[in-house]
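A.B. asks: Each chain, letter by letter, is given below.
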Amino acid sequence: MEALSDEFKLEMQRRMLRIRAFDERASKMVKRGHIPGTVHTSIGQEAQVVGATMALGDNDYMTGNHRSHGHPIGKGSPLGPLMAELQGKAAGVCKGKGGSLHLADFNVGSLGESGIVGSSIPIAMGAALSSSVLGRDTVALAFFGDGAANQGVLYESMNMSGVWNLPVIFLCENNQYALSTPAHTVTSGVISERAAGFGIPGVRVEDGQDVLAVYEAVSTAVARARRGEGPTLIEVVTYRYNEHSEGLRLGTDYRPADEREAWLQKDPLVLFREHLIANGHTAEEMDALEASIVAEVDEAVAFSEASPWPDASVAFDDLYTDSEYAA
Amino acid sequence: MTVMSFLGAIGAAQKEAMDADERVIIIGEDVEANVYGTTGGGKTRQETGDFVQMYGRNRIRNTPISEEGIVGAAAGAAMTGLRPIVDLSYSSFLYMAMDQLVNQVAKNRYMFGGQASMPVVFRSAMFYGLNTGAHHSDRPYPMFMNVPGLKVMVPSTPSDAKGLLRSAIDMDDPVLTFEACLLWGLKEEVSDEEFWVPFGVARTHREGSDVTIVAISSSVQEALAAADALAEEGVSVEVIDPRTLVPLDRDAILRSVAKTGRLVVVEPAHRTCGAAGEISALVAEEVFDSLKAPIVRVTAPDMQIPFSPSLEKQMYPNKEDIVNAVRRVTGITNPTSTLAAAGN
Ligand SMILES: Cc1ncc(C[n+]2csc(CCOP(=O)(O)OP(=O)(O)O)c2C)c(N)n1
Ligand SMILES: [Mg+2]
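So the protein sequences, as listed, match chains G and D.
110 is the number that numbering that gives the first Met the number 0 gives to position 111 of the first sequence; each next residue is one higher, with no gaps.
151 is the number that numbering that gives the first Met the number 0 gives to position 152 of the second sequence; each next residue is one higher, with no gaps.
Check before you lean on any hint, since a few could be wrong.
Label-pair restraints from in silico Cβ distances [what the hints assert, rightly or not]:
no.: 1; chain 1: G; residue 1: 27; chain 2: D; residue 2: 171; range: 38 to 48 Å
no.: 2; chain 1: D; residue 1: 254; chain 2: G; residue 2: 227; range: 55 to 65 Å
no.: 3; chain 1: G; residue 1: 5; chain 2: D; residue 2: 53; range: 49 to 59 Å
no.: 4; chain 1: D; residue 1: 21; chain 2: G; residue 2: 263; range: 45 to 55 Å
no.: 5; chain 1: D; residue 1: 133; chain 2: G; residue 2: 185; range: 31 to 41 Å
no.: 6; chain 1: G; residue 1: 311; chain 2: D; residue 2: 293; range: 31 to 41 Å
no.: 7; chain 1: G; residue 1: 184; chain 2: D; residue 2: 57; range: 35 to 45 Å
no.: 8; chain 1: G; residue 1: 5; chain 2: D; residue 2: 20; range: 43 to 53 Å
Worth flagging that the hints you see were computed from the coordinates, not collected in a lab.
Even glycine gets a Cβ: it sits at the ideal position worked out from N, Cα and C.
Next up, chain G with everything else stripped away, as it sits in the complex:
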């Protein structure tokens, strides 16, 4: 793998910081009632998200799941319309009709999150089918969790994209829990090894807190897909720091007390900050970068707060392309 430029690495840190700051703010806003419903944060998983999204090109597609604020942010989506969507405002990226569970920003290839676990996986395969049929060189990536890895549709999709050599990457974010359920109690064997049954590469990134390791694994899969050599399954081992869903007060008692502490020692943002400092940047620069990201999130919140609520009629459009409610 060719060495990454300094600017590229700074951008990685910038995007990881953005996800952290955005999700920390969203968590607070939910608890204060400033965001309706709930949100699922990617706090702790930023390296896994950014390592993957930055390995994709601007025109590449991706689909996400319920824990998917980070995916569009990682792909370069502006924060204001995302925050407005979380608040249900008119300026939201989905006009206030999707919310946290259904963010989508087609401008950056984000074809949408799914609140149904596993359900968006074949959508990414379909985007890869378009590339294949139309002779484009775009690839598609499906983000899903260790819980979703036990949905049958993943295996239908791996099989079908295997026989058709589709340019798709199945990226399992193994944060080791599906809500309260430890992955090892419901998962027979190793997720990445399941790829072998379909004759496609299966890769396990053991250190999913290392953004460069994730980037390298995903870049290899992207290059392979672009060469027309077909799909790859990548399992990234990571950890979520917060509860499953903010504000639901589900607690985290199902996790051993010292487990989170151990993972906090491998905070991807701290690790990469140290990497950047070891490679010529100063702590002051890093502090300034972090402060600038907090300011960006402040701006996004201000953008959202300034937006009006959607007009009531908005609930009744966008069902069909050619007619309104009650077709």
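Knowing the structure of chain G, use the given hints to seat chain D with the ligands on it.
C.D. replies: For chain D with the ligands alone, coordinates are given in the frame of chain G:
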């Protein structure tokens, strides 16, 4: 004009659409070998005009038996530039893909604030009446009428099958088409020209003044036979085929009932929450004052379909059931008396 069967008309529409637009692909189980006769010029591969020969495997996608994956792939492809026609063979197999149909196909455009469009057609055959037992005899279109975001068509003649399918393929919204296998062999002169039958426009098969029959799918033929028989008794029956259930041509139905004052709704689906129930409610809400008699539904009972031919044949509305229903709404019990003589 060419005499086409119902199935031949579907094949002709698919061929026209494949020729007209490179983005149209066909995806499904056994589409390559043309076993159902809609992806080739003839019934066998030996005949010329096989779709694989014409369009290649890039656009004719023979799939594994993975309905959920197929429907999801078609949805993702539709969101990114293709216009897939998905052949799901039997309508009972739609249930395997319920999550994709309801949670992705129907909702994505709406949830994402109009960023997605979903130009995809899901074809499936309703194999009822052919002694295939409960797992292959479903008529599930009413379930999908209950899912906002999907459009539903139920053609009942070869020309409608061709024209509606062209419209469906060219449309930017997802369409489910339900093809009654009892109609597969039905023949009719169909234009060789390309033509498009619009959605939301009912077809009045027969005009009449005493009773409106709204009939769906294979029930249209039964209703026309009943109307012939009733005409001999002096009862004038109007037969309307909505052709598409979503969108539904409400005006055509309401106008007809306002004229005749009587409504019989006939369909091969189950009684509860069926299209007939929906149409009945619409008429009761909108033109109650025009009604001279209670509305009567003629449907399949809320029962699964038995295998034995001797058991199955009683399950779907037939000509006699429809004639009896019309007698009920007209108050005629003596078949020889006319409507006028009965004091109507
Ligand atoms: C089909 C389906 N089943 C169950 C749920 C409820 N649910 C939402 S998130 C979740 C856990 C998902 O775990 P995983 O896939 O590992 O993702 P993570 O939350 O860990 O990122 C569950 C059970 C759902 N949304 N959809
Ligand atoms: Mg998980």
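A.B. asks: Each of the hints needs a verdict: does it hold here or not?
C.D. replies: Here is how each hint holds up against the structure:
no.: 1; hint: G:27 to D:171: 38 to 48 Å; result: holds, 40 Å
no.: 2; hint: D:254 to G:227: 55 to 65 Å; result: holds, 57 Å
no.: 3; hint: G:5 to D:53: 49 to 59 Å; result: holds, 54 Å
no.: 4; hint: D:21 to G:263: 45 to 55 Å; result: holds, 53 Å
no.: 5; hint: D:133 to G:185: 31 to 41 Å; result: holds, 33 Å
no.: 6; hint: G:311 to D:293: 31 to 41 Å; result: holds, 38 Å
no.: 7; hint: G:184 to D:57: 35 to 45 Å; result: holds, 44 Å
no.: 8; hint: G:5 to D:20: 43 to 53 Å; result: holds, 47 Å
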